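Given only the sequences and the hints, what does the whole structure look like? Please build it.
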Amino acid sequence: MNDLPRLARVLALAGAALCFAASASAQDKTMTITATEPMTTDNPYGESSAPVYSLWCHTYGCLGRYDYAAKKPVGILVEKWEATDPTTWRFTLRKGLKRHDGGPGPTSADVIHSLKRIRTDPESVQSSFLANVEAIVPVDDLTFDIRTKGPAVNLVSALFDRFIITSADLYEKHGREADKKFAMGWGPYKLEQYQADRRAVMRKNPEWTEIDGSSTKDSPDLVILQQMREPEQRVNALLNGEVQMARLVPPQLVKRLENRPDVKIQKTGGIEVMFLAFNNKMEPWTDARLRRAVAYAVNRPLIIDRLLGGYAQIQDGIVGPNQFCYTGKPDRANEYDPAKAKALLAEAGYANGGPEIEFNTAVGRYVSDRQVAEAVAQMLRQVGFKVKLNTPEYANFWADVRRGKSPFYYMGRGSIFDPSDAGGQLFGTGGSPRVQYSNPKFDELLSAQYAEADPAKRCQLWRQLNQTLIDDVPSHFMWTHTLVTGLRANVDINVDSSGEFWLPSAKMK
Amino acid sequence: MQRRDFFQVKFVVGVTCLTLILVLAIFGNVISGHDATEQDLMSSLQPPGLDNGGYYLGTDHLGRDILARMASGARVSIVIATSIVLISGVFGVVYGALSGYWGGIRDVALQKVVETFWAFPPILLALAILAFFGQSLGNIIIALAIQRWIPYCRIARAQAMVLRNREFVSASKIMGGGTGWVVTRHILPNVLASAIVIATFSMAGAILAEASLSFLGLGVPPEVPTWGGMLAEGRSYVVGAWWIAVFPGLGIFFTVLGLNLLGDWLRDLLDPKSALNLR
Amino acid sequence: MLRALAFRIAGVVPVLFLVTLVLFLLLRLAPGDAADLLVPDDASEAEILRIRERWGLDRPVLEQYAHFVQNLLRLDLGRSYRYGADVFELVGSRLPATIELATLALLLAAAIAIPFGIIAAIKRGSALDGAVSVMSIAGVSTPTFWLGILLVLFFSAELHLLPSGGRLPYGVTLPEVTGLHLIDAVIAGRFDLIGLILSQLVLPTATLAFSMVGIISRVTRGAIIDIAQEEFITTSVAKGLTRGAIIRHHLLPNATVPITTILGLELGVLISGSIIVEVVFSWPGLGTLLYQAISVRDIPLVTGIVVTYTTLFIFINVGIDLIYFMIDPRIRAAEGA
Chain A
125 MNDLPRLARV LALAGAALCF AASASAQDKT MTITATEPMT TDNPYGESSA PVYSLWCHTY
185 GCLGRYDYAA KKPVGILVEK WEATDPTTWR FTLRKGLKRH DGGPGPTSAD VIHSLKRIRT
245 DPESVQSSFL ANVEAIVPVD DLTFDIRTKG PAVNLVSALF DRFIITSADL YEKHGREADK
305 KFAMGWGPYK LEQYQADRRA VMRKNPEWTE IDGSSTKDSP DLVILQQMRE PEQRVNALLN
365 GEVQMARLVP PQLVKRLENR PDVKIQKTGG IEVMFLAFNN KMEPWTDARL RRAVAYAVNR
425 PLIIDRLLGG YAQIQDGIVG PNQFCYTGKP DRANEYDPAK AKALLAEAGY ANGGPEIEFN
485 TAVGRYVSDR QVAEAVAQML RQVGFKVKLN TPEYANFWAD VRRGKSPFYY MGRGSIFDPS
545 DAGGQLFGTG GSPRVQYSNP KFDELLSAQY AEADPAKRCQ LWRQLNQTLI DDVPSHFMWT
605 HTLVTGLRAN VDINVDSSGE FWLPSAKMK
Chain B
26 MQRRDFFQVK FVVGVTCLTL ILVLAIFGNV ISGHDATEQD LMSSLQPPGL DNGGYYLGTD
86 HLGRDILARM ASGARVSIVI ATSIVLISGV FGVVYGALSG YWGGIRDVAL QKVVETFWAF
146 PPILLALAIL AFFGQSLGNI IIALAIQRWI PYCRIARAQA MVLRNREFVS ASKIMGGGTG
206 WVVTRHILPN VLASAIVIAT FSMAGAILAE ASLSFLGLGV PPEVPTWGGM LAEGRSYVVG
266 AWWIAVFPGL GIFFTVLGLN LLGDWLRDLL DPKSALNLR
Chain C
2 MLRALAFRIA GVVPVLFLVT LVLFLLLRLA PGDAADLLVP DDASEAEILR IRERWGLDRP
62 VLEQYAHFVQ NLLRLDLGRS YRYGADVFEL VGSRLPATIE LATLALLLAA AIAIPFGIIA
122 AIKRGSALDG AVSVMSIAGV STPTFWLGIL LVLFFSAELH LLPSGGRLPY GVTLPEVTGL
182 HLIDAVIAGR FDLIGLILSQ LVLPTATLAF SMVGIISRVT RGAIIDIAQE EFITTSVAKG
242 LTRGAIIRHH LLPNATVPIT TILGLELGVL ISGSIIVEVV FSWPGLGTLL YQAISVRDIP
302 LVTGIVVTYT TLFIFINVGI DLIYFMIDPR IRAAEGA
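Chains as they are written, first to last, in our numbering: chain A, 125 to 633; chain B, 26 to 304; chain C, 2 to 338.
Rather than coming from a laboratory, the hints here were simulated on the basis of the structure.
Relax, there's no trap hidden among the hints.
With the C-beta cut set under 10 Å, the calculated list includes, among others, these residues of chain A facing chain C: (1) Thr156; (2) Pro162; (3) Thr165; (4) Asn167; (5) Val249; (6) Arg322; (7) Met352; (8) Arg358; (9) Gly365.
Computed from a predicted structure; not experimentally measured.
Even glycine gets a Cβ: it sits at the ideal position worked out from N, Cα and C.
In structure tokens, the structure reads:
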């Protein structure tokens, strides 16, 4: 007889619990963001791409990040850094941080462990950005010195946003399993789920405070990075409200997001530099006149205007408006001038057409890459080149480029902000077989800028370096694509030039 | 009476469809006056119309004339599709008929090869061929034909397995017919009906398979216009510039429709029993 | 019968060896290897060499193959270069999604196509026959990626009725027993989830099925017409059997061989060919995994997936043969002989 009220009480409690659960999750401000790069492994050192670094930087934490809006580096796990001599930088870790499981904050030992893991973990592919690092030497628990092999004024920009710090203690206890079961660090978000090729889920770390003390109360509580490789699907999912942020919307799809009350568009100048690369040691590109003829033959403004919907910015040389050390337009640039191109071809002995060239492009790797290549091929034909356009599968394309077997190709180089390392690898003598350019003057200026501590003087060196690249045309620089991001109206977030963002400063209603 | 009419309707509609496509393929470029690969970025994404600089069916994102591309694409796509269907159909039917007719250990061995091919995911095969031998029309045809003979083979084998125990086949064998004789005389004609059905459908499949390769970035060389390639490129312009993809889509549809109707008609004609029914 | 079956299953072994050997050679002959493709742009030549050495990519291809076979005999498919995970586990986590999609698409296509095919055959020459023809032609002449994109555009982006892709959203927990979500939901008694699961399946399934309807209905129609012309049907007509009885007792059983053949064939095509639909709908299946694996020349993963496909297909084949065996007395007699 008593059973009935008891049942009612149980039901009521259960109902209350359900309501509570429902309201708790409704209170969670959830932001779903599309992910376009492969997410393949929960090993924080097993992939190397800006989105993956950003994920681990938000969860495990990294030394710091570059704030593109404020144009300065900002600490995340470190609060102070300074060069103590040309080959040594001293960093000081933040005090008072707690690991997500309540463990101690990051120490010099964790930083050293992370370096060691990047260099020795069989799955790691990240050691390149640390190539210049000789050793990390602890000064005390919170202070450490990074010694470099040569002068490295660019060390901070090379390490920030990329050097993920993981716990030495957890790795010693659990080994590789730590990445799966104890993915705990110090960052502003805590990893809640990682499913390769599907999604990564992060929950806001309630203990987190921004280094400048600004509030994170408006930032999303739950962030889901959802893999969506096809641009059409990203746009549809945004319009359907399944995602709050659709990244890398290609120019031809931007129209679909315009004039929608619930959706807004954000445009950011990118730092992925697109260029036509020559292998300077392969015929006929040993002849600088022909390289220059290509540069004069290509009508960049027309392609940007008609094919890329205006969503690109012309880039002359490796340092453009969105790069570090941009000091205004270069003194000379290779503007579209088909008459000059024809004259150069005639001068080089091809007055009656030719030379025959092969032109390779990746497909589906960069914005409208194949279409751009088709347009470029036609423009080259119009001045007399006999062009065979190839669209090899990416693996083949890339293998040929990397081994210096591709004579002439259209491709991009991502995340060129401080161009020192990329410049050295692409255009320095012996940097790589990809371009095979060799100019002692360039090499000399490049090593000089590594040692130049005065930013203004260093940028002057870069102005000269850039002009050398424009004049010699070891590659013809095209543009940087404007990154178009679709956002739901209730979301405020700044996508930076690298295509990434800092979630604690995002706002969501 | 009704059936007879339908029989003729099939022929008339089928021939009309294919004639239209052939006219397009042969005279399209003359009508349009443009070259299929000639770009004019200043007039990109023009809608179809009569007063837009002679781009009657509009232009694509590179300002190329859709009509001219339809015409050149028709030729290329028809060559690709026909070669694929012929190569795969003839090979598959003969292989399957022999395998099914022989039976026993020879059948098992032949089927092992079939299984090996079948087990290879089509995309992997296509990728491998295009990666090693380069991207050319010939290699695309080989890559697609290599995976498309298996349906013919399966159907032919199944039919042959049934047929070889029928009275007329056994009788022919007893009367001293060799394998070649029995197969060409009794098995192949009986497989032909099914093979034609598959072949007419396979034409469309072949055109589309090439489109799918383009979708994955592995299609024909970039400057060869094909209907499949046009469809794949047009997908990102579906809102705003529908004409880039709709016209090649219609081209494929009418080709397939025509082929199927003619295929049906041919089938009825070849089959004496059904022809009797009609008269 | 059982011996024949055992023989067929044992036949998997030579095919597996053939397939994997060809694969190894193909992947190794291709320009570019995993070491080239996995390290970032800025990696130095020295680092690529180090990675090549670490994974044994510098050793002769036959040595690598021998190693692979050794492992395979222990049912170990190795570790993926790219995912850093056990290939067996990776495949296991993706396979159910593909099978769920392919099976449902086949069922849907068969449920529509077989009745249509029969009707078209019986009413041969009627307007209905014509309508079925046109529909099936529309089906085969529409590329799957197009249909998928249009369906999502319409049902997700414009009408907001269905999700644009993906499987279960985050926050929905379903204990995975089979990995087939519909079945898992029933096992777990989570009938509330069935609506959600179906809403995610409907667009990819319909897209895949659409292209199959045409060919299945045509083959059905063709088979029925063929058999209708056989002497024994004419005899039945002469004997005065009713139309329904003829269809049930003579036409359908005899049409089963070609229909089964085409269904089995299409299931194979669906499983290995679902990649485009998986890409369009971000469906986390085996097709996208294979595409990823090929694009970085992840040999252990590619071989693992192909071994899985091969095994699956051979079982489908055995299944088809079993069905032939059961339904067609003539084949039965032949096998026995």
